[in-house]
Amino acid sequence: MSTRAPATDLPIRFSEVAILAGGVTVLDCISITFSAGAPTVLIGPNGSGKTTLLRAAMGLIRPARGRITWDGSEVSPPTRRAIMFQRPVMLRRSAAANIGYALAAAGAPRAERAKRTAGLLSLVGLQALAGRPARQLSGGEQQRLSLARALARDPAVLFLDEPTASLDPAATKAIEDIVRAVSTRGIKVVMATHDLGEAKRLAGEIVLLHRGRIIESGPAHSLFAAPTTDEAKKFIAGELLV
Amino acid sequence: MPENASALHLVLTGDPTLFAIVRLSLIVSLSATFIAALIGVPLGALIALTRFRGREPVIVMLNALMGLPPVVAGLAVYLMLSRSGPLGSWGLLFTPLAMVIAQTVLVTPIIAALARQTIEDLWLEYREEFAAMGVGPLRRVRTLIWDARFSLLTALLAGFGRAAAEVGAIIIVGGNILGFTRTMTTTIALETSKGNLPLAIGLGIVLMFIVMLISTLAWGARRAGERFSG
Chain X
2 MSTRAPATDL PIRFSEVAIL AGGVTVLDCI SITFSAGAPT VLIGPNGSGK
52 TTLLRAAMGL IRPARGRITW DGSEVSPPTR RAIMFQRPVM LRRSAAANIG
102 YALAAAGAPR AERAKRTAGL LSLVGLQALA GRPARQLSGG EQQRLSLARA
152 LARDPAVLFL DEPTASLDPA ATKAIEDIVR AVSTRGIKVV MATHDLGEAK
202 RLAGEIVLLH RGRIIESGPA HSLFAAPTTD EAKKFIAGEL LV
Chain R
1447 MPENASALHL VLTGDPTLFA IVRLSLIVSL SATFIAALIG VPLGALIALT
1497 RFRGREPVIV MLNALMGLPP VVAGLAVYLM LSRSGPLGSW GLLFTPLAMV
1547 IAQTVLVTPI IAALARQTIE DLWLEYREEF AAMGVGPLRR VRTLIWDARF
1597 SLLTALLAGF GRAAAEVGAI IIVGGNILGF TRTMTTTIAL ETSKGNLPLA
1647 IGLGIVLMFI VMLISTLAWG ARRAGERFSG
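Chains X and R are the protein sequences, given in the same order.
When we follow my numbering, the leftmost residue of the first sequence carries the number 2, and every step to the right adds one.
When we follow my numbering, the leftmost residue of the second sequence carries the number 1447, and every step to the right adds one.
Be a bit skeptical, because a hint or two may be false.
Unchecked claim - Residues from chain X that face chain R, not an exhaustive set, calculated with beta carbons under 10 Å:
id : residue
1  : Ala105
2  : Phe160
3  : Leu241
Please keep in mind that the hints were generated in silico from the structure rather than gathered at the bench.
Glycine included, every Cβ here is placed at the ideal spot set by N, Cα and C.
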């Protein structure tokens, strides 16, 4: 991973976007812009559309209505974007080979791969486990490896879907430290989480989703301090949004 | 029983007749498995990774052909290679090559069907990560075949086991000619009917040893896969 000047692909702009799945509207009338800067955190209950929004922003899902543009263009191969799924799938090879594979897929020169693999393993604290089959790593280690694999693409924008779900506090802290580190280096992080505490710790901006719509969005400190909608007030107060 | 003692003696002393038969059997079955793998693995991968009209009937047919009766396969190859058949002019009937062809017909659907299932399962697991990593089509196929290699090896061993143990197809197209097309299974059938039990039992012991060896190798392949690849 390298420190870089402002990213390409940004801003990512959603204009009146609707996404359907099996005839059901998963996202409806979404208009939002992701710009360079501090992490944007998507919060909301299960089924609110966080994952779908991340996938659409990554370019893995096409909208049924509306437009998504990356730096003004509707067609943008995801060469400068990377995503870490909630349940990442490890390839059947070692931890180091998983990263080497992502580097090869991203077109990294063969001569650079070993050095970059070592650097990424070190960044996520897995250098001692480089040779271990990736599927034999613990849940937290697999999440970190998945993050390293995403970073192997040298992304300008990094999408993280519930990266700490079901991890213990130590593993959660390890992931959050990496997220802060990559954000500091200029990578735009867009992340979905259930965990309000995590959102408070990491977010520069917050987007609250409910039933496929954006309920409220804005700077994290003001949204947490003074939510304006009833749904946001309830969610931030820890009440159930159903 | 004296037959058992004589059979063991044949095996342990390396009886030349017995081992010539074993050698021919292994050459025929290994050749058939090799050719079936060259056809079956790419065919299975193609069906697993492409979507086309009639794909599901093709999969059902392929799975059904795993149970193709050897005598039917033998009959089909016989009709192709017999003097009046479309390939009769090649003069292959009652040769080891005809037996290789018949066993290839039997084994290819087994390898193709198992490879299709294996690669498709892995593809369903990997496809989102492939999309996220921007992996191109050729690299995807290479990765899937490589990552599924231990399961595919098990499929090849299953195919070889089927080839080595079958008798119906090769007796029809090979003719069971002494010293030329006589294999372990056809010899066992013939010698048993003649009452020459020591040779039949000796070959049975060798055949069982091979079957057990295949099972052990298949188990070892899976264990190695779990250990080295996860």
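Close enough to count: is the Cβ of X/Phe160 nearer than 10 Å to one in chain R? Holds: closest Cβ of chain R sits about 9 Å from X/Phe160, inside 10 Å.
So, X/Leu241 near chain R? Judge it on the closest CB pair being under 10 Å. violated (30 Å)
Please check whether X/Ala105 passes as an interface residue: C-beta within 10 Å of a C-beta belonging to chain R. With Cβ-Cβ at 8 Å, under 10 Å, it holds.
Checked against the numbered hints above, the structure breaks only hint 3 and satisfies the rest.
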